[in-house]
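A.B. asks: Between the sequences and the hints, there should be enough to build the whole structure, so can you do that?
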Amino acid sequence: MSSGPYNYNYIFKYIIIGDMGVGKSCLLHQFTEKKFMANCPHTIGVEFGTRIIEVADKKIKLQIWDTAGQERFRAVTRSYYRGAAGALMVYDITRRSTYNHLSSWLTDTRNLTNPNTVIFLIGNKSDLESTREVTYEEAKQFADENGLMFAEASAMNGQNVEEAFLETARKIYQNIQEGRLDLNASESGVQHRPSQPGRTSLTSDTPNNKDQCSC
Amino acid sequence: MKEPATSENDPIQKRLNKILETRLDTDKDTLEALSDLSTFFTENTLQTRRNLRSQIEKRSVAINENFLESFREVKLSLDSICNEIDAMAKSVNSMKENLRSSQALTHDLIQQTNSLQAESNKLQIDQQIAGAFLSRFQLSVAEHQTLYGAVKDAPITPDFFTVLDRVQSIHADCRILMQSGYQTAALDIMEEMTLHQEGALERLYRWTQSHCRNIDSHDVGSLVVQAMSRLQDRPVLFKYVIDEYATARRSVLVRSFIDALTVGGPGGNPKPIEMHAHDPKRYIGDMFAWLHQAIPTEKENLLLLIKLCDKNDLSEQIQNALANIADGVCHPLKIRVETILNSEKDTIILFAISNLLRFYQNIINYVVKGGNLEQCLIELRGHSEQSYLNALSAQVRSILQRPTTQSMGLDPPQRDLVPPPSVGKLLNILKEILSVASMVEGRQSDITKIVSCVIDPLLQSVTESASHLPTIDMAVYMLNCLYHMQTTLAMFEFMDERMERLQAQSDAQIDTLTSEQASSLVANLNLGPIYTILQNSQARIEANLLKIFMNKMDAFLEMPDVLLLPQINLLLSSTHRSTVQKRSFNVIITIYKQIYERIHDPESGYESPESFFSKTPEQVAELLSG
Numbered sequence: 001m002s003s004g005p006y007n008y009n010y011i012f013k014y015i016i017i018g019d020m021g022v023g024k025s026c027l028l029h030q031f032t033e034k035k036f037m038a039n040c041p042h043t044i045g046v047e048f049g050t051r052i053i054e055v056a057d058k059k060i061k062l063q064i065w066d067t068a069g070q071e072r073f074r075a076v077t078r079s080y081y082r083g084a085a086g087a088l089m090v091y092d093i094t095r096r097s098t099y100n101h102l103s104s105w106l107t108d109t110r111n112l113t114n115p116n117t118v119i120f121l122i123g124n125k126s127d128l129e130s131t132r133e134v135t136y137e138e139a140k141q142f143a144d145e146n147g148l149m150f151a152e153a154s155a156m157n158g159q160n161v162e163e164a165f166l167e168t169a170r171k172i173y174q175n176i177q178e179g180r181l182d183l184n185a186s187e188s189g190v191q192h193r194p195s196q197p198g199r200t201s202l203t204s205d206t207p208n209n210k211d212q213c214s215c
Numbered sequence: 001m002k003e004p005a006t007s008e009n010d011p012i013q014k015r016l017n018k019i020l021e022t023r024l025d026t027d028k029d030t031l032e033a034l035s036d037l038s039t040f041f042t043e044n045t046l047q048t049r050r051n052l053r054s055q056i057e058k059r060s061v062a063i064n065e066n067f068l069e070s071f072r073e074v075k076l077s078l079d080s081i082c083n084e085i086d087a088m089a090k091s092v093n094s095m096k097e098n099l100r101s102s103q104a105l106t107h108d109l110i111q112q113t114n115s116l117q118a119e120s121n122k123l124q125i126d127q128q129i130a131g132a133f134l135s136r137f138q139l140s141v142a143e144h145q146t147l148y149g150a151v152k153d154a155p156i157t158p159d160f161f162t163v164l165d166r167v168q169s170i171h172a173d174c175r176i177l178m179q180s181g182y183q184t185a186a187l188d189i190m191e192e193m194t195l196h197q198e199g200a201l202e203r204l205y206r207w208t209q210s211h212c213r214n215i216d217s218h219d220v221g222s223l224v225v226q227a228m229s230r231l232q233d234r235p236v237l238f239k240y241v242i243d244e245y246a247t248a249r250r251s252v253l254v255r256s257f258i259d260a261l262t263v264g265g266p267g268g269n270p271k272p273i274e275m276h277a278h279d280p281k282r283y284i285g286d287m288f289a290w291l292h293q294a295i296p297t298e299k300e301n302l303l304l305l306i307k308l309c310d311k312n313d314l315s316e317q318i319q320n321a322l323a324n325i326a327d328g329v330c331h332p333l334k335i336r337v338e339t340i341l342n343s344e345k346d347t348i349i350l351f352a353i354s355n356l357l358r359f360y361q362n363i364i365n366y367v368v369k370g371g372n373l374e375q376c377l378i379e380l381r382g383h384s385e386q387s388y389l390n391a392l393s394a395q396v397r398s399i400l401q402r403p404t405t406q407s408m409g410l411d412p413p414q415r416d417l418v419p420p421p422s423v424g425k426l427l428n429i430l431k432e433i434l435s436v437a438s439m440v441e442g443r444q445s446d447i448t449k450i451v452s453c454v455i456d457p458l459l460q461s462v463t464e465s466a467s468h469l470p471t472i473d474m475a476v477y478m479l480n481c482l483y484h485m486q487t488t489l490a491m492f493e494f495m496d497e498r499m500e501r502l503q504a505q506s507d508a509q510i511d512t513l514t515s516e517q518a519s520s521l522v523a524n525l526n527l528g529p530i531y532t533i534l535q536n537s538q539a540r541i542e543a544n545l546l547k548i549f550m551n552k553m554d555a556f557l558e559m560p561d562v563l564l565l566p567q568i569n570l571l572l573s574s575t576h577r578s579t580v581q582k583r584s585f586n587v588i589i590t591i592y593k594q595i596y597e598r599i600h601d602p603e604s605g606y607e608s609p610e611s612f613f614s615k616t617p618e619q620v621a622e623l624l625s626g
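So the protein sequences, as listed, match chains S and B. full-length UniProt numbering numbers the first residue of the first sequence as 1 and each following residue consecutively. full-length UniProt numbering numbers the first residue of the second sequence as 1 and each following residue consecutively.
Hints in this document: simulated from the structure, not taken from any laboratory. You can trust all of the hints, since none of them are fake.
SDA-like cross-link-like pairs, simulated, lysine to any residue; straight-line CA separation at most 20 angstroms:
1. B:K431 - S:E71
2. B:K271 - S:N116
3. B:K369 - S:F48
4. B:K299 - S:T50
5. S:K59 - B:T297
6. B:K299 - S:F48
7. B:K547 - B:T532
8. B:K311 - B:Q168
9. B:K299 - B:Q361
10. B:K547 - B:Y606
11. B:K582 - B:Q619
12. B:K271 - S:D108
13. S:K171 - S:N160
14. S:K61 - B:P296
15. B:K345 - B:L427
16. B:K449 - B:V436
17. S:K61 - B:K299
18. S:K61 - B:N301
19. B:K58 - B:S38
20. B:K307 - S:N7
21. B:K307 - S:T50
22. B:K345 - B:S393
23. B:K431 - S:R72
24. B:K307 - S:R51
25. B:K431 - B:D346
26. S:K59 - B:L304
27. S:K59 - S:G49
28. B:K582 - B:A555
29. B:K299 - S:G49
30. S:K59 - B:N301
31. B:K271 - S:N111
Across the chosen pairs, the derived CB separations fall in these ranges:
32. B:G181 - S:E54: 57 to 63 angstroms
33. S:E33 - B:Y366: 16 to 22 angstroms
34. B:L623 - S:R74: 58 to 64 angstroms
35. B:G370 - S:E33: 30 to 36 angstroms
36. S:E54 - B:G370: 36 to 42 angstroms
37. B:T487 - S:Y136: 47 to 53 angstroms
38. B:A277 - S:N146: 29 to 35 angstroms
Source: prediction; values computed, not measured. Ideal Cβ positions, reconstructed from N, Cα and C, are used throughout, including at glycine.
C.D. replies: Written out as structure tokens, the structure reads:
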């Protein structure tokens with residue numbers, strides 16, 4: 001036990017949203033497993049993935065809720081926006097309709113999350129340049145107008161996938177540093193894990209304990 | 001030097017030679033003698049020369065007397081020395097004697113001393129060994145204190161585990177000790193160590209338990225994790241600690257759940273879940289989503305707590321503990337969901353909620369098995385199913401109830417025999433319910449239940465109101481209603497069995513209608529008497545009957561629709577219409593063919609049978625089915 005029971009300092013909650021078939025689950029899979037998942041089945045309701053990353057020398061555990069894009073699950077997936085620290089909003093650059101629905105996704109997100117939720121727009125399938133229907137510039141403009149972070153990514157070859165998740169985390173961390181997120185609140189989408197076991201009530205009456213615990 | 005031969009010959013010469021050869025200046029003795037002589041022979045006179053000899057002798061005597069004198073003294077000195085040496089020898093001898101006796105005296109003492117010294121050395125070694133043994137096989141005072149705590153309720157420190165390890169290794173070493181033949185000591189130490197171990201684990205257990213009891217944040221200290229790994233050898237204590245932990249987490253979970261429901265996030269963002277209580281789907285969905293997200297975190301924390309416990313299969317304990325942790329939320333959850341289920345009247349919403357419940361039941365059972373939560377979800381789901389079925393039945397009842405009377409029944413059929421509006425209404429409700437997106441597999445039984453809930457009473461009412469009608473009207477009315485149902489249900493899954501039943505009922509009505517239409521045709525074409533005769537192979541068909549029939553038949557073939565029952569045109573389904581028409585016409589075609597064959601049969605004895613018929617049966621068939 002050299003590093004204490006936790007090997008991370010924070011937990012950030014993310015949600016991934018967007019139309020059916022834009023590659024939400026594949027992005028998550030690429031991010032957590034670093035592999036492309038071909039023939040990915042439709043998500044039923046909500047799936048869950050985690051990965052520990054590092055931002056500013058702090059270990060952060062990302063708890064990612066991957067929602068189903070199908071309309072029939074909308075009632076279920078809406079409940080998961082609650083308390084998300086980051087929202088990855090995905091469309092498919094080869095299907096214009098998925099881009100056109102972004103504003104409704106954005107409305108949902110704004111209504112259901114708190115104002116500090118970091119929203120990152122991802123144009124997925126950037127590897128399919130030949131069948132592109134949405135230009136980078138157009139989407140970039142949409143993102144700028146709505147104050148979203150933006151990147152085109154490919155769950156297929158992994159391009160920009162890591163960056164999107166990490167950039168979002170950096171932004172959230174920055175919000176924490178600037179005091180815009182209240183860590184003590186249970187539903188800010190962020191949980192702090194102090195490295196010293198100093199918060200449990202018993203250890204508090206043994207001040208010398210902290211030195212002996214190699215954390 | 002000298003030739004012996006010559007010297008022998010002449011002694012004088014020899015002597016002479018000798019003198020001649022004597023070199024005075026080199027003969028020391030002579031020189032000395034001469035120099036000495038010169039000291040006293042100062043005057044070379046005759047006298048003196050005569051006296052020389054005596055003088056020399058005198059001198060010699062004097063010298064010898066001197067010698068004597070001197071030697072006497074020497075002798076005296078030597079004598080005294082000799083005496084002294086004698087005395088010394090004597091005293092040495094006596095000393096020697098003394099020594100010998102004292103040596104004899106001290107010999108025992110020395111021996112004793114030596115043996116004592118050897119013994120002392122041995123004892124020293126023994127002491128070292130004993131010391132090493134003790135430090136190896138016994139706990140030091142400090143260790144003892146670490147193990148039992150210096151004061152009451154002293155906290156556990158990392159050193160505690162080091163000492164506990166030592167106790168265990170001592171215990172293990174005792175086996176070697178025993179093999180080496182020190183059974184008694186080994187057994188004693190083993191027993192002692194066992195007592196220490198039990199005492200320490202007991203203390204550790206109390207500490208861990210109270211630690212877990214007071215755990216309210218998510219954090220589990222590394223010491224607790226370590227403690228759990230030590231306690232895994234004591235399943236009973238281990239279980240108690242896990243129980244304590246689960247109980248503590250249970251109340252934390254309930255508290256956070258209630259907070260999420262009533263307080264929400266900081267500054268009301270996100271809003272408390274109960275803010276959406278007016279929107280039952282959202283409200284219930286939010287509650288379950290919250291649980292779905294909270295429970296995996298609990299599981300993770302629990303797994304963290306027992307991270308170092310690798311000796312036993314703990315999966316069952318984990319399941320039990322998780323079930324225990326999740327128990328607490330059942331009550332607030334159940335109350336809220338039941339309130340919604342009891343107050344909501346909208347069938348569609350209730351059905352959606354039931355779907356939602358089933359969806360989450362699957363998801364949550366995946367994480368938490370057993371316990372109250374599973375039971376609670378089963379009950380809630382049962383309740384929700386009952387609720388929407390009840391709501392649906394109530395809705396069906398209210399639509400089927402005639403406003404004027406209290407009895408069940410539909411509006412009486414109108415003259416156009418179309419299904420009454422209530423049928424459409426009910427089927428629309430059914431359509432709406434069936435269109436509610438389902439999130440779960442295996443809903444066939446639900447749908448069957450829902451369909452029965454609507455269609456069964458509907459069919460009953462339709463049949464009842466149809467029963468007051470004349471046969472043909474009844475059949476048409478029934479067919480129209482059945483058709484409406486069939487077309488609605490055909491759009492959905494899992495309807496095969498129901499469709500088959502409806503089809504069977506339709507077929508029965510079509511049969512009725514066909515036979516009514518055929519009878520009507522037979523009557524209108526005056527076929528009645530001819531047909532009776534046809535049944536009797538001997539009888540002969542009268543020519544005028546045939547003529548009347550043929551006239552009517554020709555007119556009928558001109559405009560077949562004229563003889564159709566007016567109600568047939570009220571059939572909504574063109575398939576039904578054409579089926580009835582075709583089948584009833586087929587009856588006529590068959591009869592026509594029989595007549596034609598009978599007349600043309602030579603045995604019947606008609607002359608020029610051709611004169612009766614303007615058309616062959618084939619032509620008739622073509623005209624009627626065209």
